[in-house]
Structure formats: structure tokens, C-alpha cells
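Q: Here is how the chains run, residue by residue.
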Amino acid sequence: MGAYFQMGHGSENLVGERGLQTFEGIILSPVNRTELELQNDIVNFRRKAEYDIVLDPQLYYPRSEAGRLPDQAYFPQDLDTADLTSSRWWSDIVGKIADYGKRIAVDAICSPAVIPKKWNSDYLCHCVANYEELAENLQSSSIRPILTLGVHLDELGDRNDAFRIASAITSGSQKACYLVVESNVEPRRELTDSSSVLNLMVLIGALERAGCPVILSHCSSELVLMKAAGATHCATGKFFNLRRFTKSRFDEEKEGGGGALPYWFEQSLMAFLRPADIARLQRDFPQFLAMGDSNNLWGQAILTQFSSEPKIPWLGLSWRQYLAWFGLTEKKLQGKEAGTLVRKWLREAGERWEQLDDKDIFLDESRNDGRWIRPWQQALSDFGKVDF
Amino acid sequence: MTSNLHSVAEEACRTLGFKIIGFQAAGAFKETYRAETPEGQIVALKVIDRSRADFVRTEREIAALKRCTSTRIARLLDYKAFRANNGCEYDVCVEEFLGGGTLEDRLAERLFTPFEVRSLLLELVQAIAVLREHRLVHRDIKPANIMFRHDSEIPILVDFGLVRDLSQHSLTMSWLPQGPGTPYFSSPEQLNNEKQSIDWRTDQFSVGVVGSIALTARHPYEAEGMTPPQVVAATASRKGPSGEFRKQMEMQGLAALVKMVRPWPVQRFSVHQELITALED
Chain W
0 MGAYFQMGHG SENLVGERGL QTFEGIILSP VNRTELELQN DIVNFRRKAE YDIVLDPQLY
60 YPRSEAGRLP DQAYFPQDLD TADLTSSRWW SDIVGKIADY GKRIAVDAIC SPAVIPKKWN
120 SDYLCHCVAN YEELAENLQS SSIRPILTLG VHLDELGDRN DAFRIASAIT SGSQKACYLV
180 VESNVEPRRE LTDSSSVLNL MVLIGALERA GCPVILSHCS SELVLMKAAG ATHCATGKFF
240 NLRRFTKSRF DEEKEGGGGA LPYWFEQSLM AFLRPADIAR LQRDFPQFLA MGDSNNLWGQ
300 AILTQFSSEP KIPWLGLSWR QYLAWFGLTE KKLQGKEAGT LVRKWLREAG ERWEQLDDKD
360 IFLDESRNDG RWIRPWQQAL SDFGKVDF
Chain A
0 MTSNLHSVAE EACRTLGFKI IGFQAAGAFK ETYRAETPEG QIVALKVIDR SRADFVRTER
60 EIAALKRCTS TRIARLLDYK AFRANNGCEY DVCVEEFLGG GTLEDRLAER LFTPFEVRSL
120 LLELVQAIAV LREHRLVHRD IKPANIMFRH DSEIPILVDF GLVRDLSQHS LTMSWLPQGP
180 GTPYFSSPEQ LNNEKQSIDW RTDQFSVGVV GSIALTARHP YEAEGMTPPQ VVAATASRKG
240 PSGEFRKQME MQGLAALVKM VRPWPVQRFS VHQELITALE D
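Protein sequences, first through last, are from chains W and A. Once you know that position 235 of the first sequence is 234 in numbering that gives the first Met the number 0, the rest is easy, because the numbers rise by one and skip nothing. Once you know that position 25 of the second sequence is 24 in numbering that gives the first Met the number 0, the rest is easy, because the numbers rise by one and skip nothing.
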């Protein structure tokens, strides 16, 4: 139980930093590092703490040639001509991934899975088959296989889909699921469709109740809902604008990470704030700033720097403030009380947004107005009524 | 009773040195007879018309029975491909004879007590756990396919004609609206031909229905006044167990039965030991 740190560009140096020790696991990214670099990273990580180190082979879009992925020993060389539906073709890749994981000495490996244009029963069988193949390859080692499932948020419009997917995914010998949710939601924007959010929660709840713990990848502030749904682990990266799992994120990373704008994550509003927003709150609603786990070690460092040296860039601090909030909150939201706590946070956040609105206080970014709070409340309330 | 298959059975018995004692049961393309071996052992002799049956299914049934050596599963003693005098091919299976009749026969006489249902379910769960170990799904568990030895109360699963071997490709076309199985006892995933969700939890559902029938003579999805086709439709559309059924099972201390017949496999017990514990509680 605990947050996982999803590695991205230059994230390695953040592992084990002060205020970020709550992270329990690390998800490696072969997109950004060579095999040798990953091997060395793992040695370094293990010196810092007992992390659960997971390899995500990142073959979600096999035709995309992001970063260092094509250089990895398991990356298929015949992509253009291969039949991606062939189980024999995947079997070869799975074997290579298992060998790769053994060489770099990880604790767990996620099975390779493509993110489909549209999921159907064949796709679910593909996920289960790749997992079973991986499990067989890892039988003689202590490395844990994890079943990867990719779903598009827009495809979760029907409650039955969540149960249908969960039923198929739990038909094999899986012991855990790495859930990758693709969405078209823009970077830095919250999920606002209560129905798909609810059904994602149902999917997580169904898997967890069937004894299949979930690691939810690429998670953002919706972490609070997913923990309320029972997700055992949520994983995050450092870049706010890359926090969404979109097809384009691979291209964005090519350009060097793109985490150029600093944000403050404020739990009282469940929102990301720009520097001018912080100044507004300090002036008109100081009681709304640095609430809950937003008031962490790095949050305090930011506020101190703002008051003493306001011109100094704070991008690095902002990543840390967000990650510290994520790790602390993830830890806090364990167990049955999570739902009650999140319900309270959302209710209070909604009230605070109303107060800002009443005083004509608008935040910098046009859609940063708390519009996601009510759908989240709806999703959480409806989740409580689902007959599992 | 005489039929085309009866004469083939007699012919097969002559070849094997067996003697037919009586007729036992008939299916669409197979018949089963009681027969006596030269050693005096009573066996069940099943004759399958290969021109009408799907031979691949027969092969899978035989392979499944050979793999499962459990006391809760009917033993396959011998199998022979048999060319009859009429020039046609038949499959002849020699299985252990179960002299205690079927669960269907017993339920025709009286319903079971909650204690008896619990014992029945515990035994059947052990049987499907064995199948699971071998990656097999029976897909046709119903009172007629549950038999007893003459000297034992342990239920035995018989008739593996629809067995699904999860390690082999599926034989059911995905465009079919409904997968194989007896609809009244089938799970929603069978009724909707959702092949990707067929696993041991499918058999768990059918065992749950058998338990409900044994205790109440009603299907768990049956609301007042429903006909059997309506019950099947309610199951296919995943209406879920009726409120009355839930209440009744809780009162009888059989709440585990409610979970066994939940509409989605993921809602049922995922591990058989968990189910056994819930039933024992």
C-alpha cells in the first residue's frame, strides 16, 4: 500500500529525496533510459530504500518510436511487417521482456499490452494471454508478473463495461493489474465526465474486490477518487502537463519533458495553481492556501522563497510539492475511511470554489474554476450505491 | 428400447466381451447403457454417433476425463473408436457405473435441507476446483449431470460433452448469440456467448443454481410468476438474484450462494478456497 513513482525525464534524482520518502515503488521507463542506465538506477534506488521496482515495457503504441524504446533489446525490429494480433509474435517479445527484467533485476514486470483503438473481447484475451506468457517466463525467478490493461476513458461510458472488462481480466492466474487509462483530457485539466470517472472507479473496485490489487498508472489529482474506489496503489510522474496518458505524450517527451511551468497543488480546492493564483489566495483567502498535505516540506519551501526571493524560479520545488502531496495523500487514503475523507474534502472544496466565485476571484487559467468538483462528488456518491 | 445406436452398442459389447444389462440415458447423438464386463464389473457404456457429433468435442471430453482422476468426477475406464457393421464410425466410452442415480431423481422425491445443500455444494465446489486445476470448464452442470455411487453420498460430475479446455482454442464461433450449455442452468456469460469470460466461475454459477433448486425448487433469478424462458432471459440480461432469494439464503445461513450466482464473474468467488470457507461459515 503506497504510491508509486512513475519515472520520466530526469526523475531519477528525485527518488528518495527529503519529503518524498512516502513512495513505496518505482515504475521504470525504458523510454528515457538505456538498459545500462536502468541497471545503474536500480542499484542506486535500492541503496536509498526498499522500493518495489517495476518494469513497464511501454509497448502501448508499438509503431511509435519514442525515445530510447527502439534501442531496448526487447523492442521488435519487424514492427512494420508484423501481425500484431499474432500470439506467436507477442510470445517472442514477452520472452525478451522477461529476460530484460531479469538482467536489470527488477521486482516485477508489467505484461506488454497495446492500447487499442476500441477494446473488445479479443483485446482482453490479448492482455490475459500476454500476462500468462509472462508469468510462465518468470516461473523460475522471484520477479512478479503484473497484468497490464489499457482502457480508454471514453470507452467506459457503460457500467456493464467495467464489470465485463474486470470479469475477463480476472479469468486467468493474475495476482495484480497495472491499469493504464488513456484519455483525451488536455494536459493540466481534470477529468470532468462523472459517468466515465464513476465507471473507472467501478472497474477498480471490481478488480480489487476480486482480489486483484490495482496499480493505477499516470494518475493525477483524481488520485483521491481512485483511492476511494479502493485502488491499492496510484502512480504519478513529476510533470504536471504530462500527467495524462495520451497518445501524444510520447511525442511531448521527445521534446525534452515539457515541464516548463511551475504549479502549486492546493488540496483545499483540489486544483493546480499558477503563481498569480497563489498571490490572489494569499491576499483574499489566505485560509485556503496550503491546506492538508499541500502544506508539506516543499510547499513550505515555496512559500518561504516567495516571501524572501520571489523572482527565483521554483519549477523544481513545484514538482516536489506536488509529488510530496501525492505520496502523503496516497498513504492517508488507505482503508475503508478513504471514501468518507474524500467526500468531506470534495464538499469543502466545492464550498470554497463558491466563495471564490462570490468574491469574483478568478484563477489564471480559463477552465481552472472547480468545474470538476461536482462531477467528482456525483461519481463518489454513485460509487457508494454500486452493488458489487 | 431399440434404436440404431442400441444395435451398435450391442455390437460393441460383443467385441469387448461385455453384456448389455439395460438402457440408461439418451442424448441427441449418444446413448448410454448399463453393461457387464467379463470380470463381472458393471459399467456405463456410452456410444456416440461420430457422423452427428462433433468429433473434436468428443476428443476433448475424453482427454478431459483422462486428465481428471478425482473421486468427484466420473472415471473413464476405456475408450475405443469403433467401426460398426453398417460401415459407420462410432466412439465408445466405458465409464464407471454410478448406481446411486442422479441428483435430478433425488430432487423429484424431495427438496434438500440447508444442511444437505451445504454438503452438496461443498462437494461440487471441490469437483470444479479439480477441473480448474486442469484448466477445464464443464459448462453443463445441472441435476441430471450430477450422479451418486450406490454406496456414497458424494456427488459425481458426469457428461463432459461440453467441456471447455482453456488451454485450447475455443470451438464456439464468436458470432453465435449463445454459447453451449443448458440455458436454465447457464451463467450470463454462457447465455451471451462471452467466451473471454468463461472460466471456473462459470461452473460456480451453475453449481449455485443447482444449490438453489435443491433447496427451494426455484432459480435464483426467478421472481414470482416467471416462466423458465423468462428466468433464462433475466439471467442473460443480468438482472441479478431476486431480493426474495437473497433474503431466504441469508436466513438459511447460505449467503455464499448469493455471491456464487452474481451476474458478472468478477462478482463471484475468485478463489475456490474462499468459497469453501464462506460455505463452511
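Simulated from the structure, these hints should not be mistaken for laboratory data. Just to be clear, a hint being listed does not mean it is correct.
[Stated by the list, open to error] Listed below are the simulated DSS-like cross-link pairs for lysine-lysine, each with C-alpha atoms no more than 25 Å apart in a straight line:
hint	chain 1	residue 1	chain 2	residue 2
1	A	Lys194	A	Lys258
2	W	Lys331	W	Lys343
3	W	Lys384	A	Lys238
4	A	Lys258	A	Lys238
5	A	Lys29	A	Lys18
6	W	Lys335	W	Lys174
7	W	Lys95	W	Lys47
8	A	Lys18	A	Lys79
9	W	Lys174	W	Lys330
10	A	Lys246	A	Lys194
11	W	Lys174	A	Lys258
12	W	Lys343	W	Lys358
13	A	Lys18	W	Lys174
14	A	Lys79	A	Lys29
15	W	Lys117	A	Lys194
16	W	Lys101	W	Lys47
17	W	Lys47	W	Lys335
18	A	Lys246	W	Lys384
19	W	Lys384	W	Lys331
20	W	Lys335	A	Lys258
21	A	Lys194	W	Lys384
22	A	Lys18	W	Lys116
[Said to hold, decoys possible] Cβ-to-Cβ under 7 Å is the rule here; a few derived chain W residues that face chain A:
hint	residue
23	Leu123
24	Cys124
25	Ser166
Note that the Cβ used here is the ideal one computed from N, Cα and C, for glycine as well.
Q: Hint by hint, note whether the structure agrees.
A: Against the structure, the hints come out as follows:
no.	hint	result
1	A:Lys194 x A:Lys258	holds (21 Å)
2	W:Lys331 x W:Lys343	holds (14 Å)
3	W:Lys384 x A:Lys238	holds (16 Å)
4	A:Lys258 x A:Lys238	holds (14 Å)
5	A:Lys29 x A:Lys18	holds (18 Å)
6	W:Lys335 x W:Lys174	holds (22 Å)
7	W:Lys95 x W:Lys47	violated (29 Å)
8	A:Lys18 x A:Lys79	holds (17 Å)
9	W:Lys174 x W:Lys330	holds (22 Å)
10	A:Lys246 x A:Lys194	violated (32 Å)
11	W:Lys174 x A:Lys258	holds (21 Å)
12	W:Lys343 x W:Lys358	holds (23 Å)
13	A:Lys18 x W:Lys174	violated (52 Å)
14	A:Lys79 x A:Lys29	holds (14 Å)
15	W:Lys117 x A:Lys194	holds (18 Å)
16	W:Lys101 x W:Lys47	holds (21 Å)
17	W:Lys47 x W:Lys335	violated (31 Å)
18	A:Lys246 x W:Lys384	holds (19 Å)
19	W:Lys384 x W:Lys331	holds (23 Å)
20	W:Lys335 x A:Lys258	holds (21 Å)
21	A:Lys194 x W:Lys384	violated (29 Å)
22	A:Lys18 x W:Lys116	violated (62 Å)
23	Leu123	holds (5 Å)
24	Cys124	holds (5 Å)
25	Ser166	holds (4 Å)
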